[in-house]
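Participant: Based on the provided sequences and hints, a complete structural model is requested.
Number of protein chains: 2
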Amino acid sequence: MMSLPKKVTIKEVGPRDGLQNEKQMIKTEDKIEWINMLSETGLSYIEITSFVNPKWIPQLADAIQVAKSIKRKSDITYAALVPNERGLEGALAANMDEVAVFMSASETHNLKNINKSISDTYPVLKPVIQEGIAAGKSVRGYVSTVFGCPYEGNVSIDSVLAVSDKLFSYGIEELSFGDTIGVANPKQVEVVLTEVLKRFPKERIAMHFHNTRGTALANVLVALNLGITNFDSALGGLGGCPYAPGASGNLATDDLHYMLEGMGIETGLKRKELIHSARFLEEKLGKALPSHTMQTERSKISN
Amino acid sequence: MMSLPKKVTIKEVGPRDGLQNEKQMIKTEDKIEWINMLSETGLSYIEITSFVNPKWIPQLADAIQVAKSIKRKSDITYAALVPNERGLEGALAANMDEVAVFMSASETHNLKNINKSISDTYPVLKPVIQEGIAAGKSVRGYVSTVFGCPYEGNVSIDSVLAVSDKLFSYGIEELSFGDTIGVANPKQVEVVLTEVLKRFPKERIAMHFHNTRGTALANVLVALNLGITNFDSALGGLGGCPYAPGASGNLATDDLHYMLEGMGIETGLKRKELIHSARFLEEKLGKALPSHTMQTERSKISN
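Listed in order, the protein sequences are those of chains A and B.
The working numbering puts the first residue of the first sequence at 116, with every later residue one more than the last.
The working numbering puts the first residue of the second sequence at 116, with every later residue one more than the last.
Since the hints were made in silico from the structure, they are not lab data.
Copies of the same chain look alike in the list, so a pair counts if it fits in one copy or across any two.
Taking lysine to aspartate or glutamate pairs in the EDC-like style, the calculated list, with each CA pair at most 20 Å apart, reads:
id : residue 1 : residue 2
1  : Lys415    : Glu267
2  : Lys188    : Glu155
3  : Lys415    : Glu137
4  : Lys387    : Glu412
5  : Lys122    : Glu376
6  : Lys402    : Glu144
7  : Lys231    : Asp280
Facilitator: Take a look at the structure:
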């Protein structure tokens with residue numbers, strides 16, 4: 116029999132990991148309204164933006180304005196991505212509850228994405244993490260390409276463990292393991308997570324699956340069985356995959372919610388509000404969102 | 116650790132369960148060519164059509180012509196759906212290797228789909244099954260709405276077991292349990308299958324998942340862990356869902372293949388040939404197929 120947790124925390128990354136991969140930009144005021152709607156869905160964690168150079172990600176150039184304008188609820192953690200100390204300054208100025216740093220488990224992806232080798236990335240992230248902690252913030256870490264790299268293919272578990280060791284040693288609260296290009300299969304998740312959980316406590320690991328090959332929920336199931344209770348997802352499956360335009364991107368919050376609630380696992384999320392805020396985003400983006408939930412919702416309307 | 120089979124049989128239902136739910140009809144000669152291509156993909160089982168009244172399913176009105184014109188390979192089982200004795204006659208005249216009957220585990224769905232109560236369906240199917248066997252054919256059975264009914268909602272395990280008992284008692288070789296409207300979650304699959312497998316051997320049970328809510332592969336994973344090795348699917352996710360137009364339908368053969376091969380489970384299927392025959396079908400249907408595999412394939416081309 117499956118061994119399932121009673122409760123899971125869904126961390127909404129749509130406003131950051133979703134929007135940064137959408138070609139269509141949405142107005143800052145709409146983004147703020149959307150995040151305010153997300154705050155009413157029962158989510159306890161929302162990653163709202165990224166404090167990066169707007170030259171890299173023009174979709175998130177309004178980071179400070181968004182962070183300062185949203186209505187915050189005291190029981191929600193509002194987080195932002197920061198690539199470096201300048202990003203951290205922005206996030207602190209905007210009074211984020213949590214900041215997140217990121218790097219890859221694969222050398223080539225790290226180089227292409229951050230323009231540095233893995234070993235050269237550590238000295239950049241270490242002060243960001245430690246200054247974030249000194250400022251009273253919890254700091255999260257994303258490890259990308261844990262299950263495969265678009266340039267190198269296979270990524271060794273040793274690389275994943277090495278990067279994780281370093282980041283935890285700097286004081287990271289939680290590491291989110293990303294299947295950046297959505298290639299993971301359930302067996303692989305079991306093998307990798309089993310090794311990871313020999314080394315680190317399950318409470319400090321989150322899984323960040325993309326649904327590019329349709330395996331995200333099957334991968335979630337394996338992680339649940341291994342005791343993982345933190346999962347990243349993006350409402351409506353927002354975001355696509357930068358390496359496969361047109362393909363599904365982030366695991367959809369609404370689809371994850373469907374499966375977990377059906378299995379009797381508590382998430383705190385409210386279905387009606389989730390769908391309502393996904394519809395709002397569809398209007399503002401001027402396109403349909405790819406999640407299965409939104410597909411079935413649309414077919415109800417057209418019936 | 117997961118307990119996984121070494122080998123799985125994928126039963127392709129696209130030409131029947133797929134095409135019958137597509138509005139767009141394709142020419143008989145194209146259908147024949149497509150099935151001939153499917154025979155080159157490594158599949159060992161193809162359900163090619165349904166011998167039903169063409170008034171009900173005009174898409175499959177060419178059943179006899181298709182069955183008589185395809186090039187058959189000796190190591191592939193070519194099957195067809197038959198609703199009644201007249202259908203069986205057609206299937207026997209066309210020399211099908213296997214025939215399949217169908218009914219629902221839910222009273223209302225059975226009534227709407229077959230126009231008979233469950234108890235009135237038995238006397239129709241019993242002679243079909245027994246005459247099929249007498250003619251030297253193996254007979255398969257589909258049980259629909261095992262995990263939920265579009266009219267009644269929940270379907271009791273007792274109903275599923277009662278229908279299964281009857282069908283097996285008539286000499287059915289294998290029962291395929293259908294999540295007709297794609298609502299099943301992994302926990303439910305575990306609960307239902309655990310009861311089913313107390314009663315019937317796992318070798319005689321197949322699972323037929325639809326991906327309407329994105330849970331199909333997660334459901335497959337649970338079934339694999341319980342020892343199930345027969346799975347129905349349709350190439351490219353062909354078929355949609357008759358109760359949710361626009362939504363994903365059958366679990367896609369190509370996505371199932373991706374997951375299983377990645378997990379080291381043998382299927383005998385050849386990826387290149389699968390994609391090639393899915394592309395052919397896309398051309399003839401004049402539309403993109405919804406599987407994740409085909410989505411990522413399209414994005415490779417447009418890159």
